[in-house]
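There are 2 protein chains.
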Amino acid sequence: MDPLPASLAQAETPAAVIDLDRMQHNISRMQQRMDALGVAFRPHAKTSKCIPVVQAQIAAGARGITVSTLKEAEHFFAAGIADILYAVGMVPGKLAQALALRRQGCDLKILCDSVASAEAIVACGAAHGEAFEVWIEIDSDGHRSGIRADEPALLQVARVLHEGGARLGGVMTHAGSSYDLDTPAALAAMAEQERAACVLAAQRLRAAGLPCPVVSVGSTPTALSASQLDGVTEVRAGVYVFFDLVMRNIGVCREQDIALSVLTTVIGHQPEKGWAIVDAGWMAMSRDRGTQKQKQDFGYGQVCDAAGQVLEGYTLVGANQEHGILARSGEPDRDIAARFPLGTVLRILPNHACATGAQFPAYRACRADGTTERWERVHGW
Amino acid sequence: MDPLPASLAQAETPAAVIDLDRMQHNISRMQQRMDALGVAFRPHAKTSKCIPVVQAQIAAGARGITVSTLKEAEHFFAAGIADILYAVGMVPGKLAQALALRRQGCDLKILCDSVASAEAIVACGAAHGEAFEVWIEIDSDGHRSGIRADEPALLQVARVLHEGGARLGGVMTHAGSSYDLDTPAALAAMAEQERAACVLAAQRLRAAGLPCPVVSVGSTPTALSASQLDGVTEVRAGVYVFFDLVMRNIGVCREQDIALSVLTTVIGHQPEKGWAIVDAGWMAMSRDRGTQKQKQDFGYGQVCDAAGQVLEGYTLVGANQEHGILARSGEPDRDIAARFPLGTVLRILPNHACATGAQFPAYRACRADGTTERWERVHGW
Chain A
1 MDPLPASLAQ AETPAAVIDL DRMQHNISRM QQRMDALGVA FRPHAKTSKC IPVVQAQIAA
61 GARGITVSTL KEAEHFFAAG IADILYAVGM VPGKLAQALA LRRQGCDLKI LCDSVASAEA
121 IVACGAAHGE AFEVWIEIDS DGHRSGIRAD EPALLQVARV LHEGGARLGG VMTHAGSSYD
181 LDTPAALAAM AEQERAACVL AAQRLRAAGL PCPVVSVGST PTALSASQLD GVTEVRAGVY
241 VFFDLVMRNI GVCREQDIAL SVLTTVIGHQ PEKGWAIVDA GWMAMSRDRG TQKQKQDFGY
301 GQVCDAAGQV LEGYTLVGAN QEHGILARSG EPDRDIAARF PLGTVLRILP NHACATGAQF
361 PAYRACRADG TTERWERVHG W
Chain B
1 MDPLPASLAQ AETPAAVIDL DRMQHNISRM QQRMDALGVA FRPHAKTSKC IPVVQAQIAA
61 GARGITVSTL KEAEHFFAAG IADILYAVGM VPGKLAQALA LRRQGCDLKI LCDSVASAEA
121 IVACGAAHGE AFEVWIEIDS DGHRSGIRAD EPALLQVARV LHEGGARLGG VMTHAGSSYD
181 LDTPAALAAM AEQERAACVL AAQRLRAAGL PCPVVSVGST PTALSASQLD GVTEVRAGVY
241 VFFDLVMRNI GVCREQDIAL SVLTTVIGHQ PEKGWAIVDA GWMAMSRDRG TQKQKQDFGY
301 GQVCDAAGQV LEGYTLVGAN QEHGILARSG EPDRDIAARF PLGTVLRILP NHACATGAQF
361 PAYRACRADG TTERWERVHG W
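Listed in order, the protein sequences are those of chains A and B.
Counting in full-length UniProt numbering, the first sequence runs from 1 upward without gaps.
Counting in full-length UniProt numbering, the second sequence runs from 1 upward without gaps.
Hints may be right or wrong, so weigh each one.
A pair counts as met if it fits within one copy or between any two copies, since identical chains are not told apart.
As the list claims (entries may be wrong) - Only pairs whose alpha carbons sit at most 25 angstroms apart, straight line, appear in this in silico DMTMM-like list of lysine to aspartate or glutamate:
1. Lys273 x Asp180
2. Lys273 x Asp139
3. Lys273 x Glu151
4. Lys273 x Asp150
Calculated from the structure, these hints are not laboratory results.
Please read all numbers here as calculations on a predicted model, not as lab measurements.
Go ahead and model the full structure; you've got the sequences and the hints to work with.
Below, the structure written as structure tokens:
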């Protein structure tokens, strides 16, 4: 059988492409900022779920990582990374898995924000002779989980842990509300609110004679907006490694900083409507419509040419499972079939890099010289 | 090390659970309907992407399957299923993969809706001595892809294929707009519109002396709403196998028919807000908010107890990557920590079964006797 032309055979789409130059730039920018602010940096691996990406973050100066599932912890520990924060509240049913990791030598830190959880942790620790390292989650913005820094529950939980034989490792918070903001002033104020709440929690613990070595804060928007981090020992951030259109709308990156895109092929047209149909539907882009309520709605993603240059005004305006609908804003582009003929390869910048990456078993990591490598991701729980 | 209690150790969450009784009921209902309407049934494997699910559909009487990616085609062909429709428009870059499948004995049918695509198919066929079986995609509702049944392009495309040595297998359409409807009358009208358009296209081909053995229509809502299918030879549908909250709102199933749910654990509370935090965030549920614009918005999903009984009024009102926010509609449930204590296991019915299933590497298939089995899914492209 004759080979098909290399250019066609190579275009396996959809694919999740990492632009390694952009990624490296994003990693350096964040690490330099953290160095300047005098804090350690613990990137959140949930964005990439990918060993070479995390290794690049560590090579740049990161100390330890954050994970969102115990499967990620197992995956990165097997790759030689031992200092891991599991940043989701611990429940009794997951203690056996956490214990197994610690027994294998993983320096796993777990999270707690209630007396019930603290009691389960110390009971398991006592039963198995294990001093779990526990960080207390602080609610700095009413966004989701955690104990408010001024609540009596903070000291209660800390005492249950401390007196029960757990190791109080510190306090941590995540100002997730920073995702709702889009001005430098509001972002700086949220970064200060996040810092102040976490530092206050640490002060209350220390004033009560309890240990609190670590004060950990962070989200990508606040990490890039804080003007000072007095009292903070480390910062966590995830999506900055790739960035995305949500972060562009928040104002902490430009479109040309976005390192993750979905490579796609034009598979058809509806010229009267000005549509090109592409093979990146929601299965590739994810259903994330994070820019829908922001200052600029990019639909299911911003269209770029195959080299990654933004094609202004062209977005994915709709998505089915394996079909994306590409159109121009404003008047329909009736020349769309000539502009993007059948088989044209394009790239789509995603709303939310964490969600889009998760749709793929692996990335295609692209170097500036055009060579690529397959980089696997962790999938599932 | 002492074992943890079995009930806790077993609760590995989040997990995608299939209720096999419900699934079998959904499969029988659809197959009986198709038998009564006198048409063959070709289920869409894109919903489950899972061999045992598809085998159950075939055991009930399905003839052949539909897939949304060539990777699915390879996966199901390797499991012994040869009659496969790849229901996404063919592009030059994917012909080598399609050709390889046919050379291995797969009875793969491919799709075409433009002269450009037809020309690429016949050129590849001629170069490799392969008579591809091609179905022409018909646009019956302006939803996405396809040629309208009355367009001159229909005969043009058919002639390029037929004269170029491809095998004209038939016409197919998918009335995706049926997802926007929610009354029996509107659904029946859309089913008739879908049928009439596809039959008209077949009649035009036959009148022009071109072969058109297959007339294939379908979507879950229209398949369950058609009153007659004269001239149609087969129907396709996907999500009916599990159903979901979107289908419930459209009116083609009840909540108690939904066979897919996400098993989740309560990991914390914010009692003042009436929130329980669970370990099913959008990574588990997907970002699909399909019920957002329907008659009842279920947020990120309807909460059920561990046995699958609906807990009226409780939904996931928010989702982060690994955190779901569970709340009651109306007044905050300030007793939520007592109602759903830390560690409580619940099930969440999804907005969209295709999207939620795709977040998991495998299902936990649950029999009525409580035994479960791990059923793998295809992931990626």
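So, going through the hints one by one against the coordinates:
1. Lys273 x Asp180: Answer is between: at 19 angstroms across copies they meet the 25 angstroms cutoff, but 34 angstroms inside does not.
2. Lys273 x Asp139: Intra 48 angstroms, inter 13 angstroms, cutoff 25 angstroms: inter-copy only.
3. Lys273 x Glu151: Only across copies: Lys273 and Glu151 sit 15 angstroms apart there, 57 angstroms inside one copy, limit 25 angstroms.
4. Lys273 x Asp150: between (57 angstroms within a copy, 17 angstroms between copies)
Violated hints for the displayed structure: none, as all numbered hints are satisfied.
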